[in-house]
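Undergrad: Given next are the chains, with one letter for each unit.
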Amino acid sequence: MRKYIGKRIAISVMILFCTTLIIYALLRCLPASYVENMAMQLASKPGAKPYEEWLLQLNASYGLDKGIVPGFFTWLAGAVQGNFGDSWKYTVPVLEKFNEVIWLSFAMGAIAFVLELIIAIPLGVIAATKQYSKTDYAISAGALVGISLPTFFFATILKLIFSVKLGWFDLYGLVGRNYAQLDAMGQFLDKANHLVLPIITIVIVSVGSLMRYTRTNMLEVLNADYIRTARAKGLSEKKVIYQHAFRNTLIPLVTIVGGSLPSLFSGALITETLFSIPGIGYTSYQAMIIGDIPFSMFYMTFLAILTLSGNLLSDILYGVVDPRVRIA
Amino acid sequence: MNDKNVDEVTKNTETESYSLNDDRRVKVLSPSALVVKRFFRNRLAVIGMIMLIVMFVFSFIGGIITPYGQDQQFYRYENQMKEYAGVVKNSDFRYMSAEGQKFDSVLQAKFQLAYQKKEASFEYKDVTYDLLEEGTDFYSVSSNGTMLAIAYKDIVNGETVEFTFAEKYAALKAYTASETEFSADGKAYTLDEDHNILLDGQVVGYISRLVVSPVENGVVLSREFKEALEAAIEDNVEEFQYAEGDEEEQTYKLSYDATMENWSVRRGKETYVYDSYAKPSKEHWLGTDSNGMDMLTRLMYGGRVSLIIGFIVVFIEVVIGVVLGGLAGYFGKWVDNLIMRIVDIFYCIPSMPLIIILGAAMDAMKVEPMTRMFYLMLILGFLGWPSIARLVRGQILSLREQEFMTAAEACGIRVSRRIFRHLIPNVIPQLIVSCTMSLGSTIIMEATLSFLGIGVKFPFASWGNIITDVNDAYVMTHYWFVWIPAGICLLIAVLGFNFVGDGLRDAFDPKMKR
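Protein chains in written order, with our numbering: chain R, 1 to 328; chain G, 1 to 514.
Check the hints yourself; a few may be wrong.
Computed from the model, here is a short list of chain G residues facing chain R with C-beta under 7 Å [said to hold, decoys possible]:
| id | residue |
| --- | --- |
| 1 | 44 |
| 2 | 344 |
| 3 | 348 |
| 4 | 349 |
| 5 | 352 |
| 6 | 356 |
| 7 | 357 |
| 8 | 360 |
| 9 | 444 |
| 10 | 451 |
| 11 | 477 |
| 12 | 478 |
| 13 | 487 |
| 14 | 490 |
| 15 | 491 |
Which bits of chain R does chain G cover? Going by a derived footprint, with three or more residues having C-beta under 8 Å, they are [claimed, not checked]:
| id | segment |
| --- | --- |
| 16 | 17-27 |
| 17 | 76-86 |
| 18 | 256-264 |
| 19 | 267-281 |
| 20 | 286-297 |
| 21 | 303-317 |
Just so you know, these hints were derived from the structure itself, not from any lab.
Virtual Cβ for every residue (Gly too), placed ideally from N, Cα, C.
Use the sequences and the hints to build the structure in full.
TA: Encoded structure:
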């Protein structure tokens, strides 16, 4: 097992290396309009150096004067030591900005994730046990509607109903207008209030796939021989489903749930942007649209690490929960 | 009727006449017929199919039927009230010196002082000036019996030429005394009730305390208009109608500003504007958008763009995915290893951020909307193939060990034919399911990008960029018809693909049925 994990980690590092190289090359190939704009601005100041000199100086200070491959290794050397450079947009070290915004995204993601589990697993089990009933159709259709809903459209509808018509929540932002005057408890509640709609959006849009996954796996288990045996023994249907079938459904569920744990940190780019919640998604979006290479580079590397560790985690968990896999 | 019955009877007797183990008693269905049967038994799948048909008809046939073009703009006349003229009631004395005399500003100030103190004369530089009240707010100033100047508040305006001193003096005298006739310089004038000065029945000027000036340069206000305006001010009404010459009658609005002591006259001016955000009507069933384009037509063309992009992207994904997945699965060993590592790398690239960055770069480079659309399809396709490659490889790995492949090899069929004619067709069911599902997600992806303004750009419509207008909170709350229909179209199309995909999965995989 240890050897297997070691090998997997080594492969993951190789993949990460290639991925970052590709991303870096792509980013460098794009017109670095941000640097040019900045050089133009600096050059237009009275008594300043000409544009070309500024451009050279800025390129040198951002490490853009080297070729792509040496540039990548310079970046990599810094990144390995935890130095991702300074964000161009936020003018602070990338990691500092990241540390400032990540926890909000994590809190949002975690709450949404717990809610998803609470909603998806029971409904998925119910749908599977009552296959082809009206309940099953309703749950399956509901799950598919959730998957098919475009985030931006659903968020806008929520805004129209709850913010505009009912006036329960603000349209944008994390804090209200009188945030500064509130005490600690009030500030917490104010933030919580602003997170309600984004979290609902995330939950509804992503609950469907987990629900369907639960249903499919539960159906598979219900078709297994040991369930027939359990029924033949004369066990009550309740016992068959919740003690024999559901426990076996947990195997794939635990792996997929474990595998998606790292993605709690990835932030919901679209939702955060729509609600102007200053999490990692919104912050990166702002950085990306102006071509902030250090921040974009960091964000994409971060996402790649999350994907890889998610896969790794789910593979390991699979071995942990299912003894049959461990032997093989 | 009878024949038919007879037919059925013979049929029945025929079936009954078969022996029990006769094959003809069993209705034989081909595997594909079974799939179709299972598919149509699934209610959700049928609903999804209907949704898709409706959306396809709407987008592809609707675009032909609709009388409007994709980027045809509509206009309307809008009545915008614009400042037309300003009216000030003259409250200061105006002065006119007699011919050959001078009445400079010092004397004017002295006169003002004397007037306020209600003195009959004032002195300046040892000269005594006498004031004579000729009428209300009308004075003449003379010294030693010669008239120097007149001071007046009611203004005498000449129609074509300015009046001389004598004419003005006589006119004002008659006006303040409410007489209807006066004569000056040997000519006899008459004053009518509208305070016009007439010479031989011709209007040559008028007297009024109101100063009317047009807001725009080059506009000449006619005497008739001014009369109507004065009448309106006297009657203290806020609105009056007036027709300029042969033109149509127009409405003018008057408003009085107490602090500035003036009236402003606003006139409705017809302006030709885009018919933007028009409410749904007979001509435009879903109203118009911010550019005055017909919403329903935009939705139809937007559907075309969204669906076509979805199909092309999935096509690119399938071509790359099937070729690479097929090679990896068939050859195994280092080929498999290499291709699967490439797949892993592509899996790892965060597609959404990458597309946002590329979109922003295309914005900076000002790429043509059409070229941009092609790039978008290519990027989405190149980032989406790994999942299909994985699926194909997994299937082929299990298929190639089966007996029919050994048979194919034994027959000496060449490798490419074995892969693409014998292995791939067996993957097609899973492939179709996966494609249908990824069509839905591609359409959502494209719509999201277009919504963020980095996907399909104006003038091309897409369901995503139609909804972009809701970024303006006013549009979101007031013009539902701009964004709700587009969102519903998007939802129906994606839901249709997902329902059908789900139904196909169940239909292809009979093991799932109990």
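Undergrad: Each hint: holds or not?
TA: Results for each hint:
{"no.": "1", "hint": "44", "result": "holds, 6 Å"}
{"no.": "2", "hint": "344", "result": "holds, 5 Å"}
{"no.": "3", "hint": "348", "result": "holds, 4 Å"}
{"no.": "4", "hint": "349", "result": "holds, 6 Å"}
{"no.": "5", "hint": "352", "result": "holds, 6 Å"}
{"no.": "6", "hint": "356", "result": "holds, 5 Å"}
{"no.": "7", "hint": "357", "result": "holds, 5 Å"}
{"no.": "8", "hint": "360", "result": "holds, 5 Å"}
{"no.": "9", "hint": "444", "result": "holds, 5 Å"}
{"no.": "10", "hint": "451", "result": "holds, 5 Å"}
{"no.": "11", "hint": "477", "result": "holds, 5 Å"}
{"no.": "12", "hint": "478", "result": "violated, 10 Å"}
{"no.": "13", "hint": "487", "result": "holds, 4 Å"}
{"no.": "14", "hint": "490", "result": "holds, 6 Å"}
{"no.": "15", "hint": "491", "result": "holds, 6 Å"}
{"no.": "16", "hint": "17-27", "result": "holds (count 6)"}
{"no.": "17", "hint": "76-86", "result": "violated (count 0)"}
{"no.": "18", "hint": "256-264", "result": "violated (count 0)"}
{"no.": "19", "hint": "267-281", "result": "holds (count 3)"}
{"no.": "20", "hint": "286-297", "result": "holds (count 5)"}
{"no.": "21", "hint": "303-317", "result": "holds (count 4)"}
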